[in-house]
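2 protein chains.
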Amino acid sequence: MKKISRRKFNSRLGKGLGGAALLAGMPLSHVTACAPKQKDSLGIALVGLGSYSTYQLAPSLQDTQYCHLAGIVTGTPSKEKEWAQKYGIPSSNIYNYENFDSIADNEAIDIVYVVLPNSMHVDFSIRAAQAGKHVICEKPMAMNVEECDAIIQACEKAGVKLSVGYRLHSEPYTQEVKRLVREKTFGDVHYVSADAAYMSRGNPDQWRLDIKLSGGGALMNMGVYSIQSVIYGTGENPISVQAQEFSTRPEYFKQTDETITAQFEFPGGAAGNIMTSHNASANRLYGSCDSGWYELQPANHYGPLHGRTSEGEFSFPHERQQKLQMDDFAKHILQGTKNLVPGEMGKRDMIIVEAVYKSIAEGGAKIKLDLGEMGLS
Amino acid sequence: MKKISRRKFNSRLGKGLGGAALLAGMPLSHVTACAPKQKDSLGIALVGLGSYSTYQLAPSLQDTQYCHLAGIVTGTPSKEKEWAQKYGIPSSNIYNYENFDSIADNEAIDIVYVVLPNSMHVDFSIRAAQAGKHVICEKPMAMNVEECDAIIQACEKAGVKLSVGYRLHSEPYTQEVKRLVREKTFGDVHYVSADAAYMSRGNPDQWRLDIKLSGGGALMNMGVYSIQSVIYGTGENPISVQAQEFSTRPEYFKQTDETITAQFEFPGGAAGNIMTSHNASANRLYGSCDSGWYELQPANHYGPLHGRTSEGEFSFPHERQQKLQMDDFAKHILQGTKNLVPGEMGKRDMIIVEAVYKSIAEGGAKIKLDLGEMGLS
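Order-wise, the sequence lines are chains A and B. Under the working numbering, the residues of the first sequence are numbered 96 to 472, in order. Under the working numbering, the residues of the second sequence are numbered 96 to 472, in order.
Extracted from the complex, chain A is given alone in its bound form (with noise of 0.2 Å):
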């Protein structure tokens, strides 16, 4: 068990009331309870509390400067007790699956993350919009372009923020490349080539290896980082795509692909590559522009990640990414800053993955897209 500090605990306590007070020293019998303040830090409840709420969200959120874990939302009660006494979550904040609604009375939680397989995304992230909360889905945001829209739409009816759980935004090696390929430092792009896989030979029986939960396989999870990586990596969405893909496991991927390529036209001349697996390892986005080049690699792992272009090595102090990305959409809420990942960027991308399985299914045809200017930030 991780021990935390007494003052963070009670700071964390004091938020609701007037934790900006609290912070700066004052006693908290001393602050008048008159108007609600506004928050400096933004409650955050996870729902579902696999291995990357465990081992990611919840470390990152003890770092978390806007925004903090303040519930959780579990089918597990096990659950329930070892994070009660881990994060001193208080009982009421802790919500299971048919109670969860209920979150809607509670002031704590400002912010819904929602952490489950990609199949029971839509169904929460509406539920915590309609429960009046500002809701994070994680990526991919959903299993089709018609879910997208119907969490986009319940968002915006709700008048509560959504982001998607891409954490490589806010994170400074991708924010460095976006900003070479923004400026134009090497010139326009000409090729881009980004490969995000890993091997899985773990539990046969994981969410991610049943088409009914995940939606699909590599493509649905390190692709859709694949496909970002393209995309940040032009400044540009694609005009056209075509895909492959490669079966050699078939006992273990018995309903999920295994590896996928993919190529894609962008409207600015560019040549992109993609591939993601569950069966290789590779993780680097490389750009060819015309007066250089750069390189991540690794390039969507949760780091640290190593950078370089064709006049040398860059570096920046290593923090959690996740942490990174929760204060951003936090900020994005407390003081209008720019939300990094709308939702209509988690839409894009799953209209894209959407012609990358299509292309499949036509053996390899090109698949034109229109996207437009469709969730570039």
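Worth double-checking, as some hints may not be accurate.
Identical copies carry no separate label here, and so any pair may be met within one copy or between two of them.
[What the hints assert, rightly or not] The calculated lysine-lysine pairs, modelled on DSSO-like cross-linking and capped at a C-alpha distance of 27 Å, are: (1) Lys307 with Lys453; (2) Lys426 with Lys273; (3) Lys307 with Lys349; (4) Lys256 with Lys426; (5) Lys349 with Lys181; (6) Lys463 with Lys453; (7) Lys256 with Lys433; (8) Lys349 with Lys463; (9) Lys279 with Lys433; (10) Lys273 with Lys174; (11) Lys256 with Lys453.
I should point out that these hints are in silico values taken from the structure, not numbers from a laboratory. Note that the coordinates shown come from a computational prediction; the quantities given were computed from them, not determined experimentally.
Assemble the complex: chain A is given as a structure, and chain B must be docked to it using the hints.
Quick look at chain B alone, frame taken from chain A:
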């Protein structure tokens, strides 16, 4: 003009009679002129004195141990004089394209290296074989598979050795990758990616951009190296290919392919992904295996190359790849060592090249390949 030492110059002239004795310090008059001794260095004639001969092959032949620059064949009279002076080539070893066949009578020439535009490979390789000379045919071997067959048959009929100008099979980084794959240091290969591309902005009238002389663009030039890479990167011949073409500068690439991507299936289960281009810079080979990975980056330019695996970097002293290549072929002739790049390897790659173009013509359809062990080394 590069000066060559008198000793080196003499040793070359003397080799036909008794180079070994001369090198050992014995005056020539003491050597009995009886049955011709086996040469210890073979005379090479370069056919075509373009930039590859000028800046790569001729300088490399200053360092070779088992062969030497003995003659030239050129259509440009000014080059005759220039090369004769620079490399001490006697006029008896200088030919043009008209009198080339009389090279049959020249005992100083053992190997003819055809370094002409692709469309001329078949004619001069066959004529060299018919003149009784061993043949190195620059890559790509010819314009199509039919021409490769004609060259192979001519060499077999004439009883001469044949090699293709792939310079990497003698190169230590490439040999290290072949060893890692052969010995399964990291287990089976699951994914292999090879990019071979450079930016072409030069003279739009160069032969590489003329389809009648080149037979194709990036694929026929660097593309064969990316094909080679995924083959020695897996140790197998592919069993299928799908391919895509990208065209963004048709005003420059009027007749030849600009950028091509292709995906291969291998019998052992690996997926291969290549890119070749005259409109981008990329130079890399990466393989993901059961328990580790290897990478060469750069992988296929003239070096120095750079290699690493999941266990760390590896390096070798840099030598001219062409020196190693030509020495290996000369040793094959002189000592019966293995021909690292036999003609059937060049033919195999041309079968793959034709399948790539066929897939592109069919909109990215999967083309099956039935290569067996052809050309594997």
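- prompt: Can you name, in rising order, the numbers of the hints this structure does not satisfy?
  reply: Violated hints (numbers, rising): 5, 10, 11; every other hint is consistent with the structure.
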